[in-house]
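Residue numbers (numbering that gives the first Met the number 0), protein chains in the order written: chain S, 0 to 327; chain R, 0 to 327; chain V, 0 to 346; chain L, 0 to 346.
Incorrect hints may have been included.
[Claimed, not checked] List of simulated lysine to aspartate or glutamate pairs, EDC-like, C-alpha gap at most 20 angstroms: (1) S:Lys322 <-> R:Glu280; (2) V:Lys185 <-> S:Glu53; (3) V:Lys185 <-> L:Glu209; (4) S:Lys44 <-> L:Asp274; (5) S:Lys322 <-> R:Glu52; (6) R:Lys44 <-> V:Asp274; (7) L:Lys185 <-> V:Glu209; (8) L:Lys185 <-> R:Glu280; (9) V:Lys214 <-> L:Asp274; (10) R:Lys322 <-> S:Glu280; (11) V:Lys185 <-> S:Glu52; (12) R:Lys322 <-> S:Glu281; (13) R:Lys44 <-> V:Asp268; (14) L:Lys214 <-> V:Glu217; (15) S:Lys44 <-> L:Asp268; (16) V:Lys284 <-> V:Glu295; (17) L:Lys214 <-> V:Asp274.
Just so you know, the hints here were simulated from the structure itself, not pulled from any lab data.
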Amino acid sequence: MSGMRETTYRECLREAIREALQRDPRVFLMGEDVGHYGGCYAVSKGLLAEFGEERIRDTPLSEAGFTGAGIGAAIAGMRPIVEIMTVNFSFLALDQIVNNAATLLHMSGGAFNVPLVIRMATGAGRQLAAQHSHSMEGWYAHIPGLKVLTPATLEDARGMLWTALEDPDPVLIFEHVLLYNRSGTLSPEAGPVEIVKAAVRREGSDVTLLAYGGSLFKALDAAEELAMAAISAEVVDLRVLRPLDTATIAASVAKTRRAVVVDEGWRSGGISAEISTRLMEEVFWELDAPIERVCGVEVPVPYPAHLEQASLPQVPEIVAAAKRTLGR
Amino acid sequence: MSGMRETTYRECLREAIREALQRDPRVFLMGEDVGHYGGCYAVSKGLLAEFGEERIRDTPLSEAGFTGAGIGAAIAGMRPIVEIMTVNFSFLALDQIVNNAATLLHMSGGAFNVPLVIRMATGAGRQLAAQHSHSMEGWYAHIPGLKVLTPATLEDARGMLWTALEDPDPVLIFEHVLLYNRSGTLSPEAGPVEIVKAAVRREGSDVTLLAYGGSLFKALDAAEELAMAAISAEVVDLRVLRPLDTATIAASVAKTRRAVVVDEGWRSGGISAEISTRLMEEVFWELDAPIERVCGVEVPVPYPAHLEQASLPQVPEIVAAAKRTLGR
Amino acid sequence: MSERPKAEETTLEAGEDFTASRPHLSRAHLLDLLHQMLRIRRFEDRCAELYTYEKIRGFLHLYDGEEAVAAGAMRALGPDDWVVATYREHGHALARGVPMPEIMAEMFGKAEGSSRGRGGSMHIFDRAHNFLGGNAIVGGGLPLAVGIGLAKRMRGEPGLAACFFGEGAAAEGTFHESLNLAALWKLPVLFVCENNQYAMGTALRYSESETAIAKKAESYRVPAAAVDGMDVVAVEAAARSAAHAIRAGGGPQFLEAATYRFRAHSMFDAQLYRDKAEVEQWRAKDPIARLRGWLEESGALHAQDLEEIDSRIEAEVAEAVAFAEAGTWEPVEDLTRFVHSAAARRR
Amino acid sequence: MSERPKAEETTLEAGEDFTASRPHLSRAHLLDLLHQMLRIRRFEDRCAELYTYEKIRGFLHLYDGEEAVAAGAMRALGPDDWVVATYREHGHALARGVPMPEIMAEMFGKAEGSSRGRGGSMHIFDRAHNFLGGNAIVGGGLPLAVGIGLAKRMRGEPGLAACFFGEGAAAEGTFHESLNLAALWKLPVLFVCENNQYAMGTALRYSESETAIAKKAESYRVPAAAVDGMDVVAVEAAARSAAHAIRAGGGPQFLEAATYRFRAHSMFDAQLYRDKAEVEQWRAKDPIARLRGWLEESGALHAQDLEEIDSRIEAEVAEAVAFAEAGTWEPVEDLTRFVHSAAARRR
Ligand SMILES: Cc1ncc(C[n+]2csc(CCOP(=O)(O)OP(=O)(O)O)c2C)c(N)n1
Ligand SMILES: Cc1ncc(C[n+]2csc(CCOP(=O)(O)OP(=O)(O)O)c2C)c(N)n1
Ligand SMILES: [Mg+2]
Ligand SMILES: [Mg+2]
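For reference, chain S alone in the conformation it holds in the complex:
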């Protein structure tokens, strides 16, 4: 096996798309500015030249229309990857996503499945304000019939897409905007990964930090800080928000007896609430303290950096919450 190579999250996504296009003639990428512009976040840069206009398909501004077209095409034998630039715009396509993509298999009694992948950018941190910055992946995780993936690592950016494309049902992939530029090393053999389980990214014994997507790295930084205070934090990367891997999560918390959920989404009714609740349901008698949540503040994301940052989970808050669970 050759050595590791330097790459970025963005490049991993691009490689995954390229590989899928090469592997399966039914795969195509469709969305606003994926072609001539090169992708709003430059993920698909260069792919138009390589694969042509049919398979790297620029769409008009019609989120409902092209998402619905993706559903129809999936049903009729293609394997579309639909890109929606930013999660806030996906609301324009929500009817198609919930009332059709998530529902058709059931509504048709199993006759029509929808093997569709929808990718979108999510999250704050680039000062894009209140119509471009939200974290709605946890919200989508409420919908039966959907699978919700949140790749945080390079391996997952590289590997989740193909597995998602092989899924017979609709899968949403949320890419945190702050991760695109993130670099690191990856094995040249990196390929498809499973999309079922959460992953323990750091082992620990005193408290479990549960995070995903952009917040994972804040949780890891917090664990580092906690270590300096002689607190051993385990960090679990949720990876998949629907269906939640309750077993892995509960096993970790059963061991540490304390947990902090970190979620950039708004607190009330966020995925953090579901995780807290499941933990209470599964390991109530093992808990030594109430589960803490460090979440996005319930405000549309403000433009100025100081307010935007104040609205997001930050390492010191995670550290403080973890300490609270230990009575410190």
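Dock chains R, V and L with the ligands against the given chain S, drawing on the hints supplied.
Relative to the frame of chain S, chains R, V and L with the ligands by itself:
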């Protein structure tokens, strides 16, 4: 004060709309089939004749368009009541509701508030299947900038609208389809009610049942059954899903030390999770048992009665859950 | 129907070629159209009755009066084509060939139904006939049809997607987005607007500033035709000509069929929004009576033909009801089957 | 600009009546238009610079090249009228009269900004000028404009809602729904489509099957005009004529202005989708150079006029930057203020 009179939930809603139209010339009702048809669920029957086409305004099938128009009209000095027939159709207007109605006040730094009321039917039980039957009010309760009301009683059906119209910000009112025909008695003096607090509908000491909307009556029935088993259940009607009245809820559970949340919405990521989590956060040390949830099963609502009913919370399950909290 | 040749004058046999750009007006073919429309009418009459017996529940939207549209248009479609319809889709499903017993069982909510009973009247699906529902979100099916057209084009497959929707749907944003996409990408999609003058209780003049729906297609450069939707042969002719152009690679086509529903929007409709005289005027154009009248006049229809048709239909409907009655309820333990394919396929 | 009278020939004074159906082509008025366009250009040049210094962050969409549209159209609006714009709205805000210092402070994210810094470049709002943003959802503003028109009509108030949007927005469903509603209800709404040929990197031919946007208005029966958006007087004339018709109670009007953005879509755009030659062709039509050239040719603009305009603008921009620099950061404790009006109004 004269005696009570017989009326229905539907009539209460209609009276509330009529009163608002009479009281404030800025109020108007707008939506599909509110006029000539008389309202999909007959709520606005007769109002067209009384108030005319301008104020009882039939719209084309354009949920995004007319909801957005309601927002614009509210900003420019009107007090629109927008009716969306069924919560599933509101997804077509979600961009307007979340990216505009809920966000404009903040995005404009307080310059433009949106005094808009949106009413919609919610819930299952009429065999309308997977595109007409969901309970998404808990989902909407995740969005900062919105208020979410779920009138269950005749008093609330009669009284919440006017208070909502006086609110300077957007308010969503969810009417459970099975309540429209519900009849009961109402004081002739019934009028506006506050839209801030949860209400204890039945006092008890062993366990708290938390419910709202169509499920409230199932919780009350369950309390009745529990009483026969010598279990004293307190029943709290949430009334308002955003902002949640945590104080009232927590006070009840701090007293009973056990709770069951009943929610017709899907379990994962539902409002039930938020309530459970808040209780853990607020009264963890008072809890004698993990909080139980009785929720909608995570499936698009099926058409046949036996499956539809199986997908919804039912009295025996509530009773069983309450007993579990007591170790019985 | 004056300009149409008399049935006797057509010499062609009934053996149909769906790709032909014009209908074969053989006697057999016309009798078949009559049969198809009557089949839909009688089936739905029975449904309405069964609704009062609470065998069928939920919303039930009858196609009564509009049969010529589905019966005519479906003649232009072959096995590779797809159909996307609405909640008012019994007629489309029947005309497309979805077996009547399965449709009826679906209405009953039985496991033997075309959607295993999960969908009911508004959600009839059938993979064997490329029948993609049964969509109860007004305008929700149009993007799906675009996607099917896109798949066909990209896969180099023959066939087209036919999408039926009401004139009320023309106001939805998805109408706009879908027509643009189909035209921009020159996809094989046949848009069929069933203009029955009302969207629930909202008359067309309350929903559209431009009430000539076919005109709207122009602003997407989609060729459009308006046709008398109470004349089954006219519908078939228009659909054939449109489908022919699509199959020749010309991109989407649009058809507006003027029609009327004789009954209420659904079973919960007091019809306050239209007066009886209007309904009577339209009833006088009943597509079934019209074709029958013309066949009789021209001597092509004998009393015994009609009797035969009637008895075949009666038997078919009876069989469908019996099948539905005999159907089984899906076990409650299977409630969440069909949320994901893995579970759906497990047995 | 050949058919336009020379400035000297116009005898009318600059004192403007926004309700007039035609522009007053006085020298003062034309100088004013030039001033307005230059003001926008220079303001944005400065913004681009400040972006490189990271004083302005997030997305910044310049109006560079399109100034004639806002500058011209805004002349047809009075104080009772409302404006709904997009994320590319600096030009609209300036031309509408939103004070430059507040706009600049908003770009900096300062509490003194027009939206208290909450919105930034994409979300400039000003109640005093009925300026309803600043909307970063493409097509998201159109229904709002319809609603304002509805409120005006129902309240019997004078005025109209002017809604600016790009040609890319014309593909969105909200475009369709909004035009239909405005026309159906005969509302006072002026739709102004700024057709700058691209939606981000998507050329019009990739987004619309019918590339003549104004034609689309016909299918809603909305009167439409296409105008040279690089000619400020032509835009003003078209806007005045449209606004006049609206004020006369004729319902909505549609204007398509052909224009071009000289720079990138936003500050993160490598412009792979168009070639330099095309940009140069359009630059040759620069609305500012064009008006200036014509004024100079006709002897109406003297070197000292231009110097005066330049120095006024320089001072104004400098003042705006100083104001923004001196502005304060909203305290973090106020983070959730403005989620609800109660808290927003508390101080
Ligand atoms: C998005 C959406 N809005 C509203 C409804 C409720 N609804 C069902 S049918 C209907 C009328 C549709 O009219 P049209 O498209 O003309 O079809 P028709 O019923 O006349 O065949 C309405 C408003 C719905 N099902 N979906
Ligand atoms: C609903 C939505 N989809 C996508 C985007 C991303 N986006 C921002 S501007 C833009 C192009 C819009 O083009 P156009 O309407 O022509 O306006 P222009 O930017 O050219 O002025 C896109 C795709 C968005 N902001 N909103
Ligand atoms: Mg109709
Ligand atoms: Mg543009």
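Check the hint pairing Lys214 of chain L with Asp274 of chain V against an upper bound of 20 angstroms on the C-alpha distance. 37 angstroms, violated
Given the hint that Lys322 of chain R pairs with Glu281 of chain S, test it: the Cα-Cα distance must not exceed 20 angstroms. At roughly 18 angstroms apart (the allowed maximum being 20 angstroms), Glu281 of chain S and Lys322 of chain R satisfy the hint.
Would the hint linking Lys185 of chain L and Glu209 of chain V be met if the CA-CA limit is 20 angstroms? Holds - the C-alpha atoms of Glu209 of chain V and Lys185 of chain L are around 12 angstroms apart, at most 20 angstroms.
Quickly compare the C-alpha distance for Lys185 of chain V and Glu52 of chain S to 20 angstroms and report which way the hint goes. 14 angstroms, holds
Below or equal to 20 angstroms on CA atoms is what counts here, so check Lys44 of chain R against Asp268 of chain V. 12 angstroms, holds
Compare the distance between the alpha carbons of Lys284 of chain V and Glu295 of chain V with 20 angstroms, and conclude whether the hinted pair is satisfied. 16 angstroms, holds
Quickly compare the C-alpha distance for Lys185 of chain L and Glu280 of chain R to 20 angstroms and report which way the hint goes. 54 angstroms, violated
Pair hint Lys185 of chain V and Glu209 of chain L, alpha-carbon separation not exceeding 20 angstroms: 12 angstroms, holds
Are the Cα atoms of Lys214 of chain L and Glu217 of chain V separated by 20 angstroms or less? Given pair Lys214 of chain L, Glu217 of chain V holds - Cα atoms ~9 angstroms apart, limit 20 angstroms.
Checking one constraint from the list: CA of Lys44 of chain R to CA of Asp274 of chain V, max 20 angstroms. Satisfied? 17 angstroms, holds
Does Asp274 of chain L sit within 20 angstroms of Lys44 of chain S, going by the straight-line distance between their CA atoms? 17 angstroms, holds
Straight-line alpha-carbon gap Lys322 of chain S to Glu52 of chain R, limit 20 angstroms: Status violated; Cα separation ~62 angstroms.
The earlier numbered hints that this structure contradicts are 5, 8, 9 and 17.
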